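In the order they appear, the protein sequences are chains A and B. Those letters in the first sequence? Residues 1 to 658, per my numbering, in order. Those letters in the second sequence? Residues 1 to 181, per my numbering, in order.
If you are wondering where the hints come from, they were derived from the structure by calculation, not from laboratory data. As the structure is a prediction and not an experimental result, all values here were calculated from the model. Among the clues, some could well be false.
[As the list claims (entries may be wrong)] What follows is a list of derived Cβ distance ranges for each label pair: (1) Pro48(A) x Arg78(B): 50 to 58 Å; (2) Thr12(B) x Thr317(A): 52 to 60 Å; (3) Arg78(B) x Arg133(A): 49 to 57 Å; (4) Met240(A) x Glu142(B): 31 to 39 Å; (5) Asp45(A) x Pro121(B): 46 to 54 Å; (6) Glu145(A) x Lys112(B): 33 to 41 Å; (7) Lys9(B) x Lys491(A): 19 to 27 Å; (8) Lys19(B) x Phe276(A): 32 to 40 Å; (9) Met1(A) x Leu109(B): 20 to 28 Å; (10) Pro313(A) x Lys19(B): 23 to 31 Å; (11) Asp592(A) x Lys19(B): 46 to 54 Å.
[Claimed, not checked] Some residues of chain A that are not near chain B, with every Cβ distance over 12 Å (derived): (12) Pro71; (13) Gly115; (14) Ala147; (15) Glu156; (16) Asn234; (17) Glu251; (18) Cys306; (19) Arg489; (20) Glu502; (21) Asn507; (22) Pro552; (23) Gly623; (24) Gly634; (25) Glu643.
By construction, the Cβ of each residue, glycine as well, lies at the ideal position given by its N, Cα and C atoms.
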Amino acid sequence: MRYAETGFSLEVDLSRGNIEKTQTDPGLTELHLGGLGTSARTLWDRVPPETDPLSPDNLLIFSAGLLCGTPAIGANRTIVSSFSPQTRLMAFSMMGGFFAPELKYAGYDSLVISGKSPELVYLWINNGKVEIRDASHLRGKGSVETAEQIRAELKEPRAQVASIGLAGENRVFFASIEQGRSSASRGGLGAVMGAKGLKAIAVRGTGDIQVARPAEYIELCNQVLDYIKVRQDNPIPGVMPILARLGSPQEMAVHDEKWHTENFMWGNSRLRRKGFWTDEIAKQWTHSLESMRKRLISCYNCPLKCGATIAPPGLPTYMMKCFSKLTYTMAAMSDLDFGLRIAQRATEYGVDAFSTPQVMAFALELYEAGILTDADMPGFPSANDERFFWLLDRIVRREGIGDILADGTHWAAEKIGKGASGYAHNTIKKHEQLPLKLGMLNPIYFLMYSTGEKINITQIEGNFPQAPFLKKEEREAFVKDWVQVPDDRFKRWLLEWEPRGEKSIPNYPDVEATCEIVNWQEQMHYIDDALGLCAGLSSFPLKPPYHLHNLPRFISAGAGIDMDEEALKRIAARNRNMVRAVNVRRGMRREDEKPPADHWKNRFPDLEAGLLDAYYKFKGWDGRGIPTVESLNGLGLDFVAKEFKERGILAKEEEKVP
Amino acid sequence: MNAGRKTKKIKTIRIDVEKCNGCRACEVICSSFHSAPKYSGVNPARSRIRVVRDPLKDIYVPVYAGEYTAAECTGRDRYVIAGKEYDECAFCRASCPSRDLFKEPDSGLPLKCDMCESDPPLSEPMCVKWCITDALTFEEREVEETGGETLEEMEVGLEDLAKRHGLERLTEAVARMAKNK
Numbered sequence: 001m002r003y004a005e006t007g008f009s010l011e012v013d014l015s016r017g018n019i020e021k022t023q024t025d026p027g028l029t030e031l032h033l034g035g036l037g038t039s040a041r042t043l044w045d046r047v048p049p050e051t052d053p054l055s056p057d058n059l060l061i062f063s064a065g066l067l068c069g070t071p072a073i074g075a076n077r078t079i080v081s082s083f084s085p086q087t088r089l090m091a092f093s094m095m096g097g098f099f100a101p102e103l104k105y106a107g108y109d110s111l112v113i114s115g116k117s118p119e120l121v122y123l124w125i126n127n128g129k130v131e132i133r134d135a136s137h138l139r140g141k142g143s144v145e146t147a148e149q150i151r152a153e154l155k156e157p158r159a160q161v162a163s164i165g166l167a168g169e170n171r172v173f174f175a176s177i178e179q180g181r182s183s184a185s186r187g188g189l190g191a192v193m194g195a196k197g198l199k200a201i202a203v204r205g206t207g208d209i210q211v212a213r214p215a216e217y218i219e220l221c222n223q224v225l226d227y228i229k230v231r232q233d234n235p236i237p238g239v240m241p242i243l244a245r246l247g248s249p250q251e252m253a254v255h256d257e258k259w260h261t262e263n264f265m266w267g268n269s270r271l272r273r274k275g276f277w278t279d280e281i282a283k284q285w286t287h288s289l290e291s292m293r294k295r296l297i298s299c300y301n302c303p304l305k306c307g308a309t310i311a312p313p314g315l316p317t318y319m320m321k322c323f324s325k326l327t328y329t330m331a332a333m334s335d336l337d338f339g340l341r342i343a344q345r346a347t348e349y350g351v352d353a354f355s356t357p358q359v360m361a362f363a364l365e366l367y368e369a370g371i372l373t374d375a376d377m378p379g380f381p382s383a384n385d386e387r388f389f390w391l392l393d394r395i396v397r398r399e400g401i402g403d404i405l406a407d408g409t410h411w412a413a414e415k416i417g418k419g420a421s422g423y424a425h426n427t428i429k430k431h432e433q434l435p436l437k438l439g440m441l442n443p444i445y446f447l448m449y450s451t452g453e454k455i456n457i458t459q460i461e462g463n464f465p466q467a468p469f470l471k472k473e474e475r476e477a478f479v480k481d482w483v484q485v486p487d488d489r490f491k492r493w494l495l496e497w498e499p500r501g502e503k504s505i506p507n508y509p510d511v512e513a514t515c516e517i518v519n520w521q522e523q524m525h526y527i528d529d530a531l532g533l534c535a536g537l538s539s540f541p542l543k544p545p546y547h548l549h550n551l552p553r554f555i556s557a558g559a560g561i562d563m564d565e566e567a568l569k570r571i572a573a574r575n576r577n578m579v580r581a582v583n584v585r586r587g588m589r590r591e592d593e594k595p596p597a598d599h600w601k602n603r604f605p606d607l608e609a610g611l612l613d614a615y616y617k618f619k620g621w622d623g624r625g626i627p628t629v630e631s632l633n634g635l636g637l638d639f640v641a642k643e644f645k646e647r648g649i650l651a652k653e654e655e656k657v658p
Numbered sequence: 001m002n003a004g005r006k007t008k009k010i011k012t013i014r015i016d017v018e019k020c021n022g023c024r025a026c027e028v029i030c031s032s033f034h035s036a037p038k039y040s041g042v043n044p045a046r047s048r049i050r051v052v053r054d055p056l057k058d059i060y061v062p063v064y065a066g067e068y069t070a071a072e073c074t075g076r077d078r079y080v081i082a083g084k085e086y087d088e089c090a091f092c093r094a095s096c097p098s099r100d101l102f103k104e105p106d107s108g109l110p111l112k113c114d115m116c117e118s119d120p121p122l123s124e125p126m127c128v129k130w131c132i133t134d135a136l137t138f139e140e141r142e143v144e145e146t147g148g149e150t151l152e153e154m155e156v157g158l159e160d161l162a163k164r165h166g167l168e169r170l171t172e173a174v175a176r177m178a179k180n181k
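Chain B extracted, bound-state conformation (with noise of 0.2 Å):
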């Protein structure tokens, strides 16, 4: 092992549409889990996991609630994978204005997956457990901390700034900010 990196562990669904049955068991139970008190209500629209499901077409995407976005998207593409055209929406986490999707639906305010956070924690998220037809599965990987901008890095951003506004006025714009602080 690299002694100078750092890991961290990050929580994984895989999801296999291929698997998918739509049957939308990942919806009820994550609405479930997240009612209060705990499991005492049922309400996919509160789902922070949603199949985009078109049967005919056979499209099944289960796709995960992520950040809450003010803007939607200027163009909307859409992939053909595999002979099915997909709107570029159905594989989005976002909480946007563009859809109703991870959003309450009485205030309106965003929902995000959380994968489930419990004390004590749970060995798997709920949506995965009930998945048993195993289109989401749950893995936990190491990945290397990026830990960050370095000083060279910033340096060269500094470098641009001094070119463009002189470094006499930006050492002043530094100086004023520190002294504002």
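Same shape as in the complex, but just chain A (with noise of 0.2 Å):
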């Protein structure tokens, strides 16, 4: 008896038309418990380092974590896994919504693409019965017109659809893919969808779930619920409201934008605006939200409400989320108005909501620079927002100037030539970041934004506050109840973190503290990520319900795993060291390993390099960012280790380790 999961996973060979069934080993949920790490698990053992991202050898994983489909609050994670081509590295990228739980009970934990079909197909799981079919009349639709279309057709209103638009199919390199209120949008997944010929995947499941220990997991399910609301009632002082929360950013709550558009960064992430926020503009997009939102809306099994149905006057419904908010608003130097507007076209087509936007205004700077002229631009519109809109529909077409820039920044900066690259200033591996650029060197964020592998800091930040409280008694308060904390050393580095002086940034937290507080916030991230659980009730928010303390119960009485703290903490690291070798495997190194050069103004070349070799000893990893022989025999990972010694990557035993 499996429980928790299922203990199947759907193999789909897309070139060969073949579907099979097959049984997983129970010793590999025991190692990676799911989601993510199992994923990453089964792109080493299938993809070849060589693989390109597009082509037919890669696989695409949708993989439901391990407590999806459970009571579980917020458990309902599908974890996209493959090859980015905008990074050549492993892409995984985390949707929401309903997908993850309906596999489940479809009866499967995971669903392993392979191969390319010749005709544009959808898949349509129906519990035990798996068809391929035809999905030529869907061509050049609209992801969210596509998953209403395959809904209507199949005549099961509840089936929970994934799908692409223009842009996967057209293998745009930051191509999304779309499900219900939710999608993985980062690394370009859809792209990789698009080139195998998958237009969309339905599924509807009916079967049962089972866990270990009932009445104690109900139990830890009650006690979450108690807590989320308890946490509701009593927002946490001296934060921005945005944080003081549970979920992802309220943004389809809030209608104060001050903080974020004063301090992210317009433009391609270029320009801040202080003083941007006036009582008109909050008057106007306050208007604009009001006027087009419809319900805060939620994922499944979780009360939080941090998506929305937005109805743009004059156009299709479609459903938001987060900070999607205000990226294209905010990099078109427009308004809320047209910003909902332009991603509602934004979604249908299938793109990330973060690459997107600056991609678009990176354009924009190349033209009023001079380096793109009307003779690549034919037709570009005079009026700021309709440029925009042109730029979108280009580039998910991929015609003229869209083919070049539907590779993203870094690549369409190396075709163009003519010192474009200097625009192409906020990538990290390739990939457009999160606008935003700051004075002073934070150590923490250093090591985050520098080894992050899922490279967006959002995947990756959470449980340590952002900033240092301004006031001891803030401080004191604040780790009173802190029971999250992994021991107590983290609350006295946060009581001793001062705004100023000599114990704030960048020298403080020192060193060893950096590390601990970097790979504690990651870990969270790694957990999460393998069981299915969503990182606004976990990872991703101050004090959150799920912690290093409970989770292991968790897993015992739902899983029937026997888990404690120590061996939680040695499947994440085990997972997490996975993922990079699967990337070291694919030529990642220390040289990529950094922020954009501009993302604060005052660097520390000593201090950063200092850093980066404390966090990867701290990690068990070389001076080049590869983990050891130690570390990986340690972890139970020894097949890592004999192959980076076959392929030349780490010594041989009678040479030594540079």
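Both chains are given apart, each in its own frame, so use the hints to dock them into the complex.
Have a look at this one:
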């Protein structure tokens, strides 16, 4: 009997049209739990490092986390993993919504897609019955439109559909996979799906998921629910409102955007607009959101309302979440009315709302600098807002200049030349980042930006406050009920952290503390990504309901796998090293691990090098960022060490490790 | 209080469709509570509450399983409420042949909400407890017992029968029924 998981994976080879339901090894669950951990292992085992991300040999894996489909609140994440056409590294993106639980109820923990279909198709998973169906009539259709049409033609309104739009079909390097109120946006996973000739996946399941120790498990769930209620009634004082509550930042609910609009950068992460937020603008933007927002909505089995249904006048309704509310607006230096309208089109096209606005703003900068001219962009409109619609239309069709821009700022700048690279300034590992430029280097964020392999800061930060509290009393109040910390040292580091002076950034937290804080925050994300928990209830907010101390009990009672904190930390480390191993085998090295050069004005090369050295050592990696034989063997990843030696990535026994 | 009238307590779940966030936690906990052993399994397809959802049309209707009916309705109407069009089935509690709601997915046997009957009794049904957005709230109401048909009402019916069949035949029929009992 398998608990929490189904014990089966669905293998679909689109080249041969072969479909198989395969039983998975329970030993792998004990090693990796599920979700990201198991997917990283599959990519290591089955995709050779030379594989082109858009080739049939690449795999596209949809994996439900271990706890998805159980009553655990917010356990609804589908972890989509593959290789990114943009970074050429492993891409993994989490989507909420309703897909993962449905896949579990249909009888599968994961769906592994290989090959490439000769014709555009979609997959219909109806419990044990799985069909590859013609999708030629859906070619060019929007992602939301596609999902609606598939549900209608299957006469199954309760099927959950993950689909791509035009961007994915045309292999735009930052194409997303859209699903319900959610999406797997980062890393260009939509392009991989498009390259496989797969327009959509519809799933419907009516089977059971069992838990090992029911009474104990439901008691844990009830505790989480009770804590959520308490936490919602008691927002954390002294931090900005979007960080005071649980969930992802409540962008769909809030009207006051002073903090984002005055601290984040406009254009292509270029311009800071102090004093932007006036009463007049507040009134106008409040009206835009109020008039278009129909309802605040949630993912499966979660009371937090992080998303919204948006109905712009004269346009189809779509679902939006989080910071995508502002990314288009700010990139285009426009207003919220524009932002909510263009996001409708972008959602149908299926593109990442972080990368896309920046790519478009980058094109506009190049045009204004005379690097791109009217000859490159015939018919480029003169009105600002229209220019962004024009660019978006061309990017997703790979038409003219759009074909170059569709690879993202890094690759586009290389192709365009003429100094364009100077404008592609906001990437890490060739992937566009949050538009944020700051003054003083923060050691915690330096390490997270440099070494995070999700290549997205929001997916590694979280449980430790972003900045010190101003007053000592505030710190003391904060740590009083801070039960989530791994141990009391973390409280001390926060208590002593000052906004200025000796115990402030960049020198405080000190190197040792910084390593521990970064490690803890990342560890939580890796646990969530294996269990399928929403980061918004666990690794992302301050003082979340899920933490290191209760998660082992969820795994024990839910999956029947004996677990304690040490064992869970070890699994998180194993999964972390598995992802790193996959990327190292593809060539990722220390040189690739750096934030955008202009992320902070004040940089400290020696301190930064020391931080990176210390963190690599802390993680059991050598000076190049490669896991050592000892640490790999210690995590039971001997096969990785062996292959590293065979490939000459790590020195053989007789040679010295550099 | 009117001494001649009896009252009884009715358990009521008040459903505020405007507050529903569509998360289906009610389905999760309902199917979990009713699994055997209790809380051992989850399967929303077995839930006795289902959220009829159409997010793009902003339709969210939590509906509870009621009586089984062998026949489907001949006409199924559409309601337009506050500009939104609902299929009549969206509000219907029946386990009926026209849809797969409120039937065990494997056996096809009908499901019915039992307000989480339990010993000792719960303070409120589990779906209400887990709906912290308050789309579902629980209340107990006192209503007057209707107390069944009175003798006078029965006599009206008998008079009709006597008119149709003649009093003599009716008496014979009643006598025969009494004898056979």
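Right, here's what the structure says about each hint:
1. Pro48(A) x Arg78(B): 50 to 58 Å: Taking Cβ atoms as reference, proline 48(A) and arginine 78(B) lie about 56 Å apart, which means the hint holds.
2. Thr12(B) x Thr317(A): 52 to 60 Å: violated, 33 Å
3. Arg78(B) x Arg133(A): 49 to 57 Å: violated, 30 Å
4. Met240(A) x Glu142(B): 31 to 39 Å: Given about 49 Å between the Cβ atoms, the range is violated.
5. Asp45(A) x Pro121(B): 46 to 54 Å: holds, 53 Å
6. Glu145(A) x Lys112(B): 33 to 41 Å: Between glutamate 145(A) and lysine 112(B), where Cβ atoms are some 38 Å apart, the hint holds.
7. Lys9(B) x Lys491(A): 19 to 27 Å: violated, 51 Å
8. Lys19(B) x Phe276(A): 32 to 40 Å: holds, 35 Å
9. Met1(A) x Leu109(B): 20 to 28 Å: Holds: the Cβ-Cβ distance is about 24 Å, inside 20 to 28 Å.
10. Pro313(A) x Lys19(B): 23 to 31 Å: holds, 25 Å
11. Asp592(A) x Lys19(B): 46 to 54 Å: holds, 48 Å
12. Pro71: violated, 5 Å
13. Gly115: For glycine 115(A), whose nearest Cβ neighbour in chain B is about 32 Å away, the distance exceeds 12 Å, so it holds.
14. Ala147: Check fails; 9 Å does not lie beyond 12 Å.
15. Glu156: violated, 10 Å
16. Asn234: holds, 14 Å
17. Glu251: holds, 16 Å
18. Cys306: Incorrect as stated: the minimum Cβ-Cβ distance to chain B is 10 Å, not above 12 Å.
19. Arg489: Holds, because the least Cβ-Cβ distance between arginine 489(A) and chain B comes to about 34 Å, which exceeds 12 Å.
20. Glu502: holds, 45 Å
21. Asn507: holds, 44 Å
22. Pro552: holds, 20 Å
23. Gly623: holds, 47 Å
24. Gly634: holds, 37 Å
25. Glu643: holds, 40 Å
Hints 2, 3, 4, 7, 12, 14, 15 and 18 from the list above are not met by this structure, while the remaining hints are.
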